[in-house]
Amino acid sequence: MTSVVIADHGSGSTATGAPPPRVRRVGSTFDGFLGLGLVAGAAALAPVVALAVIAAGGDGGLWRHLFTSVVPRATWETSILVLGVAVFVMVVGTGTAWLVAVHDFPGRRLLEVLLLLPLAFPIYVLAYSWLDLLHPVGAFQTELRALLGIARPADLRLPDLRTLPGAVLIFGLGLYPYVYVAVRTVFLAQTAALVEAARMLGASRKRIFFRVALPLARPAIAAGTALAIMETLNDVGAAEFLSVNTLTAAVYSTWVNRGDLSGAAQIALAMLVFVSTLFLFERLGRGARGYAVVGRAVRPMNPIRVEGLAGFGLFALGALPAVLGFVVPALHLLRQAQERLAFAGFADEILVETLNTVSVAVAATLVALVVGLPMVSGRRLNPGSRLHTALLRISTIGYAVPGTVLAIGLLAVYGGVDAVIRAARGALGGAPSGLFLSASFAGLVIALTLRFFRLSASKIETGLERISPSLDQSARTLGRSPFAVMWEIHLPLMTPTLAGAALLLFVDCMKELPATLLLRPMGFETLSTHLYGEAARGTYENGALAACLIVAFGLLPIILMTRIGRRATIPAAEGAPS
Amino acid sequence: MTSSSVPALAFDDVHHAYGATRALRGVSLSILPGEVVALLGPSGCGKTSLLRIAAGLERPLAGTVVMNGRMLAGPGVMEPPERRGIGMMFQDYALFPHLDVATNVGFGLAGRARGEIEAIVADLLSRVGLADRGRAYPHMLSGGEQQRVALARALAPDPAILLMDEPFSNLDQRLRRGMREETTALLRAGGAAAMMVTHDPDDALAVADRIALMRAGRIVQVGTPEEVHRAPVDRWVAAFFADLEEVPATVDGGRAETPLGSFAAPGLADGPALVCIRRDAFDLDAEEPVFAARVLATRFLGERRMVTLAIEGWERPVDIHTDPRRPVEVGARVGIGLDRDEVFVFGPEPDAAA
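Protein sequences appear in the order of chains A and B. Counting in this note's numbering, the first sequence runs from 1 upward without gaps. Counting in this note's numbering, the second sequence runs from 1001 upward without gaps.
These are calculated hints, taken from the structure and not from any lab test. What you are looking at is a predicted structure, and each value in this text was computed from that prediction instead of being measured. Yeah, the Cβ is synthetic: ideal placement off N, Cα and C, and Gly gets one too. Treat the hints loosely; a few may be bogus.
Unchecked claim - Under 8 Å between C-beta atoms, here's a sample of chain A residues computed to sit facing chain B:
id, residue
1, 468
2, 470
3, 471
4, 473
5, 476
6, 477
7, 480
8, 481
9, 489
10, 492
11, 493
Claimed, not checked - Stretch-level coverage of chain B by chain A, calculated; a stretch enters the list once three of its residues show a Cβ under 8 Å from a Cβ in chain A:
id, segment
12, 1053-1060
13, 1075-1082
14, 1102-1110
Excised from the complex, chain B in its bound form:
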């Protein structure tokens, strides 16, 4: 095994609970050096608990946390956060209000030579575009600037791994896009591994090398953004990224039969199943339409147009998105194509509600 394949951070069968509430039910996950992993899931799924356990802010009930081969938490071991050498960026940024920006960024460098601290701080501030704000206090900064100071501060001690708790949730949409790019660039430049907690699939898709989807204290799927998006393991994962049209089906001989047609269902046992169709799968301009439909309503949404359709053979109206410049008339009869890559067939779920 080469040194580069030793995980920067590895969780093994980590359990956690708050009183009677189980937060983590056996989570195992490895983050490789230089890799950015997003923990994605709804609130309460345990992703923040995992982050806080990595930081040393919580002690896991069971399981181990190992960083670069060094045990941080495990049976009889509990390294306090200050001795872990892990950087953390907090959701509210947690900038020290009584210290100026430069002192905030240099806070984790205590014990080093003054000149060295100044050099590191100056370098980081210029990299986040705040070279001239070193003497400002946190309350004088905008939200985006505070986010950058928090990032610079967490990176200043050159941690092997950076933890980010909902790093973009306090920013408005426009700023958010820019900050995702800046953050990714900064992480890549520094080469630090990172684990980011988010509930927003767009954050995860934009920043992460791999996404770990969490639900009810468990990781349900790990993979590259493409993998989890293209090949969701279950209905829940599929629905997390985009709205689904769910059609009950019956599997018979490897094919799922539905009112909307028949779909390949390799490997599924005969019996009830669910066909999930992403809205994007429907195509108004397909060369080979497979359904006939009638336009019920249409709404212009700027970058796209939403069209509500009544598909023949299917009782519920379906909202699909289309090119905003494409003229659509209410009442018109149209032919709909279907992109089969955006259709997933799942067997019956024992704990679909979880």
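Chain A on its own, in the form it takes in the complex:
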């Protein structure tokens, strides 16, 4: 055995204390992961860039009109709606979370699940259902008049739901669960010890709520509220049904009713500014309060037992938003659907629409996962590569862009791509005509993928974090390329994660309305566009059936969520900008 010392101890060529050269790590070279990232990043940025380009090309006079009459009013109504919804979801979401997390009363378990159910309702379906129910010749008013002995609808004047306060109520009922879930998680898992400590110090329940629980839950409240606001801004159907002129509705009608793409793009840009400002405030507000409650011992709080009439009172109070946000509209839809089925049978169009909906949603889900896994894996397999990280961030911006805004941008992009293809075909001697991405199935799938890519990426990221990086490195030293690591290690270990992500993506794509409405092929109806069409026309023929199907699909992830148990998080919360 040799013991020759070949080493040259520590005689570096770099002087001690000199600033180290820039760090380069393994694999910041170009690879397939990067190529895919560049394509995805470009696709995500294209609609935003296109918006700016076509907005700049708009007619100056129209611009002035839009920004003196349409935009100020829409901004005002949007602001009021957003503010109202924010207050509603904060109060109702936090209140119900406190109710079920800290108290124990008969039916609490049932209530915990009931309170989640409005998530199954897209807002436009909830609005549709309530409007149908409360219509002057609808079920509720007819029964009420019969009860009061009033013959003519005109003699019984109820407050109209189609007002801003009505819209706040409907949006709030549909969106409070975002806050409820986020806050309940905090109350259940993270504050038990602190609340108990406060009780030992003799604090009353009220004092504990305001001095301990509420401040701790503030980041969760902010996160949940941000999601609710995003959904509010994204909505296109409900605001229209409820006669509220939101910015989204203005974008939509400027394009659909006036055919003015650059005008729509201008409002859409204004809206992007609005959304960015909101996010900025939300981030600033959260950033200042850097509570690190996460990671404490997860021990459920010892609930306060409330029996008898008081217990029932708590149950009734907690159940109110769930009853109004789910039970009543769901029962109404079921009854309407049942009547429709009894009267006309199952219409073929519903079958076709269901198939359309499912095929679009499945396609977009697959694309989002098939692009998402290599992008997230690629970033992980290139540690320290800023480019991979930046591309992943860029490609997920679609989540923060309201569907209508995204769709207007994509309309322009698709139009441009089609023009290029037509020109190329013309140059090659073919007919310089036809649509390729505009109003195509592929174009719709791309739009939905861009819209929900963040959900896919964040779910995959969460899943990958559970796989030790040494598994990657080990496979590399055993001869596997980065791609093979993804294929042989990440993919098999991620199967449950990917299945869960697929379900959430599928349901989100299926419920999506604004982008689908604007980008679908001619005559291509999905369940959501069908419902929108009937509600917009004021006809309700098969609408209830379509609505029932949408809600039924929407219940799937909630069932999954409750099966995961008390530590459940809401699907959208993990896709939320953080």
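For this one, chain A is given, so just place chain B on it according to the hints.
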């Protein structure tokens, strides 16, 4: 130069940093074929960075890594880990949880004939004593079994060099001793060179042919276990292997004068110095005692006995180890011998804190 003297792995002036943190400040080290070298040092000394650079998991900022004459990393060269043909055993073993033991061991053999893979896997599993666990999944194995599977998996492609990252740190003391022996035997049988990272001197002494001591991104000493143990280059190296009693001294004419006596200090300039005495140097049963001392306390520790002494002329109490069966009375006056081989004299250190 014969082929056997071409290093299996050679680092030349390797530098590395994480952001502003310098991890390696010019490391040069060669590992000969069939040799087992331990990188020994405290956490954060850069030993793991060097290992990861060898594996291709990190790209060095400067310097070269050459394996059997083939450049792996250097100016404009960066072989990815999958093309290096280096085996690596991870601290957490990194067994693929979705693959059974046999598939894990055969993972690095992809592309070979099925029969060949099965034969290699069966041979390795029997050599690590897991012949009947091939169909088990990693989570069904004990810690020691997982360690063996990881070793078998890293050795399966017959790498020219095997890297081991704290291979024994997840095992309890008893298992650890056995695994050191098994691992050494397996490495010797296969003839692969190996580089092991550890913070435990016992691991290094038990397994390595040579030990490279690392501190603050530099190798401070390389040598056989005996060399680094017997002739540490500085106080820090000496202290890494055993607790020291440090006595300030003044060198005068090649002798270090201390309150505990005079020690040979060949080659040291006149001036302040430090005499470091390993605890083992003190001998309660010496035939020629050099100090008088009083027993302050004694504690039975099973395999040995710890005795706290007040040595005349020295203000601090000194803990020494002795035979547990030797009776020692508190308060007794004893004579202490000194093994001069365990005494080191070091000159003033410019960067003693590093």
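Comparing the hints with the structure gives:
For the restraint placing residue 468 of chain A at the interface with chain B, the shortest Cβ-Cβ distance is roughly 6 Å, inside the 8 Å limit, so the hint holds. The closest approach between the C-beta of residue 470 of chain A and any C-beta of chain B is roughly 4 Å, which is under the 8 Å cut-off, so the hint is satisfied. Nearest Cβ of chain B to the Cβ of residue 471 of chain A: about 5 Å, under the 8 Å cut. The hint holds. For the restraint placing residue 473 of chain A at the interface with chain B, the shortest Cβ-Cβ distance is roughly 5 Å, inside the 8 Å limit, so the hint holds.
For the restraint placing residue 476 of chain A at the interface with chain B, the shortest Cβ-Cβ distance is roughly 4 Å, inside the 8 Å limit, so the hint holds. At about 4 Å, the closest approach between the beta carbon of residue 477 of chain A and any beta carbon in chain B falls short of 8 Å, and the interface hint on this residue holds. Annotation: residue 480 of chain A was flagged as interfacial toward chain B, and the flag holds, the nearest CB pair being 5 Å apart, inside 8 Å. Interface restraint check for residue 481 of chain A: the shortest CB-CB distance to chain B comes to about 6 Å, inside 8 Å, so the restraint holds.
Nearest Cβ of chain B to the Cβ of residue 489 of chain A: about 6 Å, under the 8 Å cut. The hint holds. For the restraint placing residue 492 of chain A at the interface with chain B, the shortest Cβ-Cβ distance is roughly 5 Å, inside the 8 Å limit, so the hint holds. Nearest Cβ of chain B to the Cβ of residue 493 of chain A: about 6 Å, under the 8 Å cut. The hint holds. For a cut-off of 8 Å, the count of residues in the segment 1053-1060 of chain B with a CB near a CB of chain A stands at 5, and the three-residue condition holds.
With 4 residues having a Cβ less than 8 Å from any Cβ of chain A, the segment 1075-1082 of chain B passes the three-residue criterion, so the hint holds. With 3 residues carrying a beta carbon less than 8 Å from a beta carbon of chain A, the segment 1102-1110 of chain B meets the three-residue requirement, and the given coverage holds.
Hint compliance for this structure: every hint is met.
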